[in-house]
Amino acid sequence: MLQKTRGIALSYIRYRETSIIARIYTEEFGLQSYIVNSVRTARNKNNKIALFQPLTLLDMVVYNKPDRELHRLSEMKTSYPFQSLPFEVAKSTIAMFVTEMLNKVLKEEAGSPPLFKFLMDSVLFLEEAKTNYENFHIAFLLKLSFYLGFGPESAREFESQLRENSYPFLPDDEMETALNTMLRYPLGTPIKLARSARNELVDALVTYYHIHLDSLGEVKSLPVLREVLG
Numbered sequence: 002m003l004q005k006t007r008g009i010a011l012s013y014i015r016y017r018e019t020s021i022i023a024r025i026y027t028e029e030f031g032l033q034s035y036i037v038n039s040v041r042t043a044r045n046k047n048n049k050i051a052l053f054q055p056l057t058l059l060d061m062v063v064y065n066k067p068d069r070e071l072h073r074l075s076e077m078k079t080s081y082p083f084q085s086l087p088f089e090v091a092k093s094t095i096a097m098f099v100t101e102m103l104n105k106v107l108k109e110e111a112g113s114p115p116l117f118k119f120l121m122d123s124v125l126f127l128e129e130a131k132t133n134y135e136n137f138h139i140a141f142l143l144k145l146s147f148y149l150g151f152g153p154e155s156a157r158e159f160e161s162q163l164r165e166n167s168y169p170f171l172p173d174d175e176m177e178t179a180l181n182t183m184l185r186y187p188l189g190t191p192i193k194l195a196r197s198a199r200n201e202l203v204d205a206l207v208t209y210y211h212i213h214l215d216s217l218g219e220v221k222s223l224p225v226l227r228e229v230l231g
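Residue numbers 2 to 231, in this note's numbering, belong to the letters of the sequence shown in order.
Hints were generated in silico from the structure; no laboratory data involved. No residue lacks a Cβ here, since even glycine has one placed at the ideal position from N, Cα and C. Watch out, some of these pointers could steer you wrong.
Computed list of lysine-lysine pairs in BS3-like fashion (alpha-carbon distance at most 30 Å, straight line) [unchecked claim]:
no. : residue 1 : residue 2
1   : K105      : K118
2   : K221      : K108
3   : K49       : K66
4   : K105      : K221
5   : K5        : K78
6   : K49       : K5
7   : K221      : K131
8   : K118      : K221
9   : K144      : K131
10  : K144      : K105
11  : K118      : K5
Each pair of labels, with its calculated beta carbon distance range [claimed, not checked]:
no. : residue 1 : residue 2 : range
12  : Y168      : S216      : 12 to 20 Å
13  : E135      : D174      : 16 to 24 Å
14  : T178      : T79       : 36 to 44 Å
15  : T132      : N181      : 18 to 26 Å
16  : P82       : L149      : 23 to 31 Å
17  : D204      : R157      : 14 to 22 Å
18  : Y148      : R196      : 22 to 30 Å
19  : A130      : V225      : 19 to 27 Å
20  : K193      : A111      : 35 to 43 Å
Whole structure, please, built from the sequences with the hints as guidance.
Rendered as structure tokens:
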């Protein structure tokens, strides 16, 4: 049955000679995998494989069969062509890290329009932001944790949970203020953080996710993120 849905591209793997299997978080059906044929050929002049780069926003018509693990796409196009996110080193590094985390934490389940809206709005913010996005990944993970069911109500609660799990997180006043600001205010709210503090917060957040999600595993993009943004 053909159905329309919006989606956010997360990753893809090669499939046979010319096709891919794309993982896409959809508004209607949650996390889904789609076979996309003939996107890795010389004849594909439209460069459709670019539609499956990390965080690309998609409008899709899909064949949805609930009893299948792999689905097929009938039509697809980007709903918002990116002008900065794939081309600016800082933004593309953030996108790489965020996409890896989403691939790890989003599950194959029914669609969640509130979560999809949060993800889409966050991607649009990162794409359009000219300033005040250097802490985006930290604020994003803090806010995402509420949709996943384990968001901390305050910096003190965040610190307490880490220390209860033997992680020595001792934020100073500046870091505590930054955490509370990120928890309470929208993405892009100006926050001053030293490079060392930003690294410390990212490490603490990844550990916080490990505490709540046993299957998280190694976050391979973390060293690159530290190097580029810190």
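Okay, which hints does this one fail, numbers in order?
none
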